[in-house]
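Make a model of the complete structure from these sequences and hints.
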Amino acid sequence: MSHTIESIEFESSIEQENAEPNYLTASKGLKSWMFTLDHKRIGLMYLISIFTFFFVAGIFALLVRTELWRPTKLLMEAKTYNQFFTLHGAIMVFLVIVPGIPASLGNFALPLQLGAKDVAFPRLNLTSYYIYVIGAFFALFAIINGAIDTGWTFYAPYSLNTGGSVILMVTAVFILGFSSIFTGLNFIVTVHKLRAPGMTWFRMPLFVWGMYATSIIQVMATPVLAITLALLAIERGLGIGIFDPILGGDPVLFQHFFWFYSHPAVYIMILPGMAIISELITTFSQKKIFGYRLIAFSSIAIAVISFLVWGHHMFVSGQSELAGMVFSALTFLVAVPSGIKIFNWISTMHKGSISLKTPMLWALSFLFLFSIGGLTGVFLAVLSIDVHLHDTYFVVAHFHYVMVGGTMMAFVGGIYYWWPKMTGKMYSEKWGAIAAILVFLGFNLTFFVQFLMGSHGMPRRYYNYLEQFRTMHQFSTVGSYLLGFGFFLVLLNLLHSVARGERAPANPWHALTLDFTQTSSPVIEHNFHHQPTVHTGPYEYGE
Amino acid sequence: MVANQMSNSRFPLVSHFSSPHQQVEASKLGMWLFLATEILLFGGLFVFYGVYHYLHPELFKAAHRFLNVELGAFNTVVLLFSSLTVALAIHAIQQNKRKWVIINLSLTIVCACIFLVVKYFEYTHKFHQGLLPGYYFRNATVPDPDQAQVFFSIYFMMTGLHGIHVVIGMIVLGWLLIRVIRGEFNSQYYVPIELGGLYWHLVDVIWIFLFPLLYLIR
Numbered sequence: 001m002s003h004t005i006e007s008i009e010f011e012s013s014i015e016q017e018n019a020e021p022n023y024l025t026a027s028k029g030l031k032s033w034m035f036t037l038d039h040k041r042i043g044l045m046y047l048i049s050i051f052t053f054f055f056v057a058g059i060f061a062l063l064v065r066t067e068l069w070r071p072t073k074l075l076m077e078a079k080t081y082n083q084f085f086t087l088h089g090a091i092m093v094f095l096v097i098v099p100g101i102p103a104s105l106g107n108f109a110l111p112l113q114l115g116a117k118d119v120a121f122p123r124l125n126l127t128s129y130y131i132y133v134i135g136a137f138f139a140l141f142a143i144i145n146g147a148i149d150t151g152w153t154f155y156a157p158y159s160l161n162t163g164g165s166v167i168l169m170v171t172a173v174f175i176l177g178f179s180s181i182f183t184g185l186n187f188i189v190t191v192h193k194l195r196a197p198g199m200t201w202f203r204m205p206l207f208v209w210g211m212y213a214t215s216i217i218q219v220m221a222t223p224v225l226a227i228t229l230a231l232l233a234i235e236r237g238l239g240i241g242i243f244d245p246i247l248g249g250d251p252v253l254f255q256h257f258f259w260f261y262s263h264p265a266v267y268i269m270i271l272p273g274m275a276i277i278s279e280l281i282t283t284f285s286q287k288k289i290f291g292y293r294l295i296a297f298s299s300i301a302i303a304v305i306s307f308l309v310w311g312h313h314m315f316v317s318g319q320s321e322l323a324g325m326v327f328s329a330l331t332f333l334v335a336v337p338s339g340i341k342i343f344n345w346i347s348t349m350h351k352g353s354i355s356l357k358t359p360m361l362w363a364l365s366f367l368f369l370f371s372i373g374g375l376t377g378v379f380l381a382v383l384s385i386d387v388h389l390h391d392t393y394f395v396v397a398h399f400h401y402v403m404v405g406g407t408m409m410a411f412v413g414g415i416y417y418w419w420p421k422m423t424g425k426m427y428s429e430k431w432g433a434i435a436a437i438l439v440f441l442g443f444n445l446t447f448f449v450q451f452l453m454g455s456h457g458m459p460r461r462y463y464n465y466l467e468q469f470r471t472m473h474q475f476s477t478v479g480s481y482l483l484g485f486g487f488f489l490v491l492l493n494l495l496h497s498v499a500r501g502e503r504a505p506a507n508p509w510h511a512l513t514l515d516f517t518q519t520s521s522p523v524i525e526h527n528f529h530h531q532p533t534v535h536t537g538p539y540e541y542g543e
Numbered sequence: 001m002v003a004n005q006m007s008n009s010r011f012p013l014v015s016h017f018s019s020p021h022q023q024v025e026a027s028k029l030g031m032w033l034f035l036a037t038e039i040l041l042f043g044g045l046f047v048f049y050g051v052y053h054y055l056h057p058e059l060f061k062a063a064h065r066f067l068n069v070e071l072g073a074f075n076t077v078v079l080l081f082s083s084l085t086v087a088l089a090i091h092a093i094q095q096n097k098r099k100w101v102i103i104n105l106s107l108t109i110v111c112a113c114i115f116l117v118v119k120y121f122e123y124t125h126k127f128h129q130g131l132l133p134g135y136y137f138r139n140a141t142v143p144d145p146d147q148a149q150v151f152f153s154i155y156f157m158m159t160g161l162h163g164i165h166v167v168i169g170m171i172v173l174g175w176l177l178i179r180v181i182r183g184e185f186n187s188q189y190y191v192p193i194e195l196g197g198l199y200w201h202l203v204d205v206i207w208i209f210l211f212p213l214l215y216l217i218r
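Chain order of the listed sequences is X and R.
Position one of the first sequence corresponds to residue 1 (the numbering used here), numbered consecutively onward.
Position one of the second sequence corresponds to residue 1 (the numbering used here), numbered consecutively onward.
Bear in mind the hints are in silico, worked out from the structure with no lab data behind them.
Glycine included, every Cβ here is placed at the ideal spot set by N, Cα and C.
Take the hints with a grain of salt, since some may be wrong.
If you anchor each label on the Cβ, the simulated ranges turn out as follows [claimed, not checked]:
# : chain 1 : residue 1 : chain 2 : residue 2 : range
1 : X       : 162       : R       : 120       : 31 to 41 Å
2 : R       : 212       : X       : 28        : 52 to 62 Å
3 : R       : 39        : X       : 252       : 20 to 30 Å
4 : X       : 27        : R       : 212       : 49 to 59 Å
5 : R       : 65        : X       : 200       : 54 to 64 Å
6 : R       : 114       : X       : 382       : 50 to 60 Å
7 : R       : 114       : X       : 252       : 40 to 50 Å
8 : R       : 19        : X       : 28        : 25 to 35 Å
Away from chain R, derived, C-beta distances all over 12 Å, residues of chain X [stated by the list, open to error]:
#  : residue
9  : 48
10 : 155
11 : 481
12 : 517
A few chain X residues that don't get close to chain R, going by computed Cβ distances all over 10 Å [said to hold, decoys possible]:
#  : residue
13 : 71
14 : 305
15 : 314
16 : 368
17 : 426
18 : 457
19 : 478
20 : 537
This is how it looks when you write it as structure tokens:
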């Protein structure tokens, strides 16, 4: 029994699709997009921007990996290499993966899943997007003006003394932070106040729960990053002496300030991914999700505990042993809710009617790759092990497994899932599967060998390396090209569908959430013909 | 969102909300969340203060004597009074007493100006004494000048960021005042004034914490 509808002429929806404009065609012209207040258009604009930066930062990654083909110089000087990995990291973190899913798929699908006509503050939403664009321009300008080589983490005292446009770059990130805060604020109010009649908290789709938890972190943590970067910029400009030891400051204080945001930030990155996986697993198993409340509460638990573990980035910074032990223990704790989700998803699949459509292939990749990534995070949380693995390729592999193997897999799966709603078209399943497999293979080839390198002592961010690591680096470089090609195929597949794809039905996946049961493909401008009301939970398959 | 004077409902309902009540509740929740982010923003500076006060207590005690407690206390009273006037403005619009809304909002803005003028005098006095942040510090009478400059850096950063928020508050209140004069609010619709008032109260509360931490160190 799906969400019961009050009054909808669903039988004539095909006629309505033909007759009625959708959100893409309802108004025309550049200005109608530039000044739109429609969450779907804003989500789509974000999606295009975010993926543009994904490919830009991806190219920097390929350049880095190419340089590492040989133990000594191949293409570039060391300073350029440092700039390239900094840019790869900074663009990926601040322009792609933090805004990532929330700004694009969150904006598009959250109001639909809630049965709302839009987010709570549509003008704030558009403002958020323009703040993102302005921040992106600042970042580009900073790069052109003198690319920084500090790593995306801007550690003092190096960031205080190095050349390059540090102040411009941190200003860019400061601005981008506000985009993130306003998006989170908008979602929290939307979830609290704009749910359809009858949709209690525990009848919301789990995607919404995940986005809500993410929004809490965005709102609470990002201001701390803002003030940290402001302090960094002011110290560079005025020498106030907070972080620079020569001026009486403390560089470890910078790390505390920085990681207080940046650790919760990684949960801003993964929680939306997990939110999508809940939808994909249940829809493509055509089975009610196992442990709805546990998954919902685990998202909130992750959000809360994420604020308590920042010191695990600083085990070797000189902080006290006691601090190290406490952060280590709390980090074990934060892994538990993630583990709960994995088991609940697997249990959902058990005895489900599994359909291996493209979104599900990405979801299955997520389950495998995120498990590895998450587990290796727990290894790193062990103090005695981290002493050896800190700042090695093991850490690099860990975070790429969770951010790419986790979040990016879920992101692409979500894009394929909601593609019919966004474009009204179906993509080619054959090419979708091929791309998914190539990405999976390319990803593992690139990054699995990095666990091995790291445990053998290969340091991260190094331009030159010892001969014994050459073969492993070469595997990794070949893998990176395959990975890049796979993502490029995804892009081609999706773009081709817009031009030549079949028209999408309203509910191609037989999902039971309002975003599929109550909308056409593509969605109409005001989302629903009549206000939906809800009488059951969102995943009542086979009942 | 201009109030439609001609419609039966005197509340400008935006289309994606289903009722005025929902719209008001959403706006207020949004504002409270925004205030929480502001508190976290200042929180970083309070941590900066806390760390260095803990590490150099004597230095803080000695350096703070260069601040003018009387002016600081006067500013505190001015801001507290301005919070009262903005609350009175809201009380007045609830009773449709437009004249009193205009008077009270204007008083609030005047208080903000007084606050900034006092700060201007405090700052220029410090510049003359060479008590400037970081590289620009030029005062030999402070005990342990190399370390002491941290106190003044903190002072300028905290009061400076607060001052920026006072200016933002003034702009918001000024814009609200213009809208009141234009007749956009009435006893059924005055949410923007409430939101502006909330913001102003936050600016006041932050100063309430700043003042003792900077001016009243014992």
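>> If we take the beta carbon of residue 155(X), is the closest beta carbon in chain R still more than 12 Å away?
In response: holds, 17 Å
> Is residue 537(X) truly not at the interface, in the sense that its beta carbon sits beyond 10 Å from all beta carbons of chain R?
Replying inline: holds, 23 Å
> When you take the CB atoms of residue 27(X) and residue 212(R), is the distance between them in 49 to 59 Å?
Replying inline: Once the Cβ atoms are compared, 55 Å apart, the range 49 to 59 Å for residue 212(R) and residue 27(X) holds.
> Would the least Cβ to Cβ distance between residue 314(X) and chain R come out above 10 Å?
Replying inline: At about 15 Å from chain R, residue 314(X) clears the 10 Å cut-off, so the statement holds.
> In terms of Cβ atoms, is chain R entirely out of 10 Å range of residue 478(X)?
Replying inline: holds, 44 Å
>> Please check whether the beta-carbon of residue 48(X) is more than 12 Å away from every beta-carbon in chain R.
In response: holds, 24 Å
> Looking at residue 426(X) again, its CB stays over 10 Å from all of chain R?
Replying inline: Given a closest Cβ separation of 30 Å, the condition holds.
> residue 517(X): least C-beta distance to chain R exceeds 12 Å?
Replying inline: holds, 20 Å
> Is 52 to 62 Å right for how far apart the beta carbons of residue 212(R) and residue 28(X) are?
Replying inline: The hinted range 52 to 62 Å holds for residue 212(R) and residue 28(X), with Cβ atoms some 59 Å apart.
> Would you say the C-beta atoms of residue 114(R) and residue 382(X) sit inside 50 to 60 Å of each other?
Replying inline: holds, 58 Å
>> The output says residue 71(X) does not contact chain R. Does that hold with a beta carbon cutoff of 10 Å?
In response: For residue 71(X), whose nearest Cβ neighbour in chain R is about 42 Å away, the distance exceeds 10 Å, so it holds.
>> Please check whether the beta-carbon of residue 457(X) is more than 10 Å away from every beta-carbon in chain R.
In response: holds, 35 Å
Of the numbered hints listed earlier, not one is contradicted by the structure.
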